[in-house]
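Since the structure of chain A is already known, use the hints to place chain B on it.
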Amino acid sequence: TQLLEQSPQFLSIQEGENLTVYCNSSSVFSSLQWYRQEPGEGPVLLVTVVTGGEVKKLKRLTFQFGDARKDSSLHITAAQPGDTGLYLCAGVRSGGYQKVTFGTGTKLQVIP
Amino acid sequence: KAGVTQTPRYLIKTRGQQVTLSCSPISGHRSVSWYQQTPGQGLQFLFEYFSETQRNKGNFPGRFSGRQFSNSRSEMNVSTLELGDSALYLCASSLQGTGSLHFGDGTRLSIL
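So the protein lines, in turn, are chains A and B.
Counting from 454, one number per residue, gives the positions in the first sequence under the working numbering.
Counting from 58, one number per residue, gives the positions in the second sequence under the working numbering.
Certain hints may be false.
[As the list claims (entries may be wrong)] Below, a list of computed lysine-lysine pairs in the DSSO-like style, where the Cα atoms sit at most 30 Å apart: (1) A:Lys560 x B:Lys114; (2) A:Lys560 x A:Lys512; (3) A:Lys552 x B:Lys114; (4) A:Lys523 x A:Lys509; (5) A:Lys523 x A:Lys510; (6) A:Lys523 x A:Lys512; (7) A:Lys560 x B:Lys70; (8) A:Lys552 x A:Lys523; (9) B:Lys70 x A:Lys523.
Derived from the structure by calculation, the hints contain no laboratory data.
Same shape as in the complex, but just chain A (with noise of 0.2 Å):
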């Protein structure tokens, strides 16, 4: 049982042009992460956010977290082709310790 689903799947885009990726679980979270993860390497965290309705931006790339903590979306403006990457939301239950379970991944490419 996949608990959190992102979409799109894959996404293809022209250099410059913004886009959206969504992340979506029944399941509340203590807290969401994000990741990217290029070919070849692991995956490398870009945010944590924790409190529902946070919105956190990191340059080009805004992390939001929703009020009720089940769902997360990131938006990338004028994306790059140094954002191609797989994008990986987490989201983190904690008691006693964290367990994390990763999104199903939206593969992104930017087309120069």
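Using the frame of chain A, we list chain B on its own:
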């Protein structure tokens, strides 16, 4: 600061064999988690070790096992390999099992 190191990077085995993968976490990190990544199933949690104890386990058969040593290094073993075990196996470390995960670049296991 050295990152998470996984060895070997690539491995080719045949059905029925067994394999051992190694993970050296970031110095000071006591939690090590293992994940299996495949195109069809995404990133699936295998297990997590903290201070030599398995704290959490995913839904994988008993052929998948692991251990952690006193220096926090971890090994993962897969016995009686099946074709479906072909995947990228990722190891991630964190300080206490909370907060962000730091991933290695993985071991690509191919079963012939």
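(Q) If you test the structure against every hint from before, which numbers come out violated? (A) 9
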